[in-house]
Amino acid sequence: MNEEIIFAALAALTIVAAIVSLEARQVVYGAISLAFSFLGVAGLFILLNATFVALFQIIVYIGAIAVLILFTVMLVTKDVEAESKREPIRPFAILIAVALAVVVSLVASFSNFTNTYAVSSNLTVANIGALLTGEYSFALEILALILGASIVGALTLAKLDKE
Amino acid sequence: MIPLVDWIVLSTILLAIGIYGLVAKGNALRLFFAIEIIVNAANLNLVAFSHYLATPNAIGQTFALFSIAIAAAEAAVGLAIVVVAFRLNKNVDVFRLRKLKH
Chain A
1 MNEEIIFAAL AALTIVAAIV SLEARQVVYG AISLAFSFLG VAGLFILLNA TFVALFQIIV
61 YIGAIAVLIL FTVMLVTKDV EAESKREPIR PFAILIAVAL AVVVSLVASF SNFTNTYAVS
121 SNLTVANIGA LLTGEYSFAL EILALILGAS IVGALTLAKL DKE
Chain B
1 MIPLVDWIVL STILLAIGIY GLVAKGNALR LFFAIEIIVN AANLNLVAFS HYLATPNAIG
61 QTFALFSIAI AAAEAAVGLA IVVVAFRLNK NVDVFRLRKL KH
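Note that the protein sequences, when read in sequence, are chains A and B. Residues 1 to 163 in my numbering are what the first sequence spells out, letter by letter. Residues 1 to 102 in my numbering are what the second sequence spells out, letter by letter.
Think of the hints as simulated: they come from the structure by calculation, not from any bench. Misleading hints may appear alongside valid ones.
[To be verified] Partial selection, computed: residues in chain A whose CB lies under 7 Å from chain B:
{"#": "1", "residue": "L100"}
{"#": "2", "residue": "S105"}
{"#": "3", "residue": "A108"}
[Claimed, not checked] A few chain A residues that face chain B, going by a derived Cβ cut-off under 8 Å, partial list only:
{"#": "4", "residue": "N2"}
{"#": "5", "residue": "E4"}
{"#": "6", "residue": "A12"}
{"#": "7", "residue": "I19"}
{"#": "8", "residue": "L34"}
{"#": "9", "residue": "F45"}
{"#": "10", "residue": "M74"}
{"#": "11", "residue": "I94"}
{"#": "12", "residue": "V104"}
{"#": "13", "residue": "V119"}
{"#": "14", "residue": "T133"}
{"#": "15", "residue": "L145"}
{"#": "16", "residue": "I146"}
{"#": "17", "residue": "L147"}
{"#": "18", "residue": "A158"}
[To be verified] Computed beta-carbon distance windows for the label pairs:
{"#": "19", "chain 1": "B", "residue 1": "K90", "chain 2": "A", "residue 2": "E3", "range": "44 to 54 Å"}
{"#": "20", "chain 1": "B", "residue 1": "V84", "chain 2": "A", "residue 2": "S111", "range": "23 to 33 Å"}
{"#": "21", "chain 1": "A", "residue 1": "F110", "chain 2": "B", "residue 2": "R87", "range": "49 to 59 Å"}
{"#": "22", "chain 1": "A", "residue 1": "S109", "chain 2": "B", "residue 2": "A54", "range": "18 to 28 Å"}
{"#": "23", "chain 1": "B", "residue 1": "R87", "chain 2": "A", "residue 2": "V107", "range": "25 to 35 Å"}
{"#": "24", "chain 1": "A", "residue 1": "R90", "chain 2": "B", "residue 2": "N89", "range": "43 to 53 Å"}
Here the structure is a predicted model, which means the values were calculated and not measured. For each residue, glycine too, the CB sits at the ideal point set by N, CA and C.
Isolated chain A (complex conformation) (with noise of 0.2 Å):
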């Protein structure tokens, strides 16, 4: 079915680009490689007829996050990265890493998710605007605030050491 074959590019997509996000041996391809896992999971969002998320991923993830990254990296990083003392503790994460994703995934294959399936339904961004305009009408405003208040906080960190 065509279906799976697109989750399954989109997958591999997002894990690959999120492994190498993480190991790429200069922190900008790095952020480059994060952007593509971005949008891998904004593909996922209208697989998952969520096509609102996804254009809202879009915007702000690879809009505003990834380019903020990227500007961050070339205003911080230098030419070669210092070799981490966390090197030593590296097999270990990896050891983590891989025993959360079996234990959970093992998990979730007994539980009854393995035989659910979508219904199909009609939701569209109507539907989400009801609702943050109606039922989490508060949240939205405390959300404005939230942002205010961090790119105040933002701005007051850039100009920490101009006084």
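For this one, chain A is given, so just place chain B on it according to the hints.
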């Protein structure tokens, strides 16, 4: 048709990659990448579960939107902290940022 378990496994793998990055990396920017990967895994889970409900509703998608907005706020402050740390210490290795300890 894709069963729900595939999405759970996918987001678990992303979570495991993020946790590996948090444990094994010392560069503050890499830790930042790992956090973003974990947030993405959580968003994927929210949207997947809301899509597979017996009577689908948009609450999961709304929560994912909230989560993305929070991640944007976190990115702004986090990257500002990284820039300040670089200005003060000339590197972003979290193991050399120990001013508060002494």
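Verification of the supplied hints:
no.	hint	in the structure
1	L100	holds, 5 Å
2	S105	holds, 5 Å
3	A108	holds, 5 Å
4	N2	violated, 11 Å
5	E4	holds, 6 Å
6	A12	violated, 10 Å
7	I19	holds, 6 Å
8	L34	holds, 5 Å
9	F45	holds, 6 Å
10	M74	violated, 11 Å
11	I94	holds, 6 Å
12	V104	holds, 4 Å
13	V119	holds, 7 Å
14	T133	violated, 11 Å
15	L145	violated, 10 Å
16	I146	holds, 5 Å
17	L147	holds, 5 Å
18	A158	holds, 5 Å
19	B:K90 x A:E3: 44 to 54 Å	holds, 51 Å
20	B:V84 x A:S111: 23 to 33 Å	violated, 45 Å
21	A:F110 x B:R87: 49 to 59 Å	holds, 51 Å
22	A:S109 x B:A54: 18 to 28 Å	holds, 21 Å
23	B:R87 x A:V107: 25 to 35 Å	violated, 46 Å
24	A:R90 x B:N89: 43 to 53 Å	violated, 24 Å
Of the numbered hints given earlier, the model fails hints 4, 6, 10, 14, 15, 20, 23, 24; all others are met.
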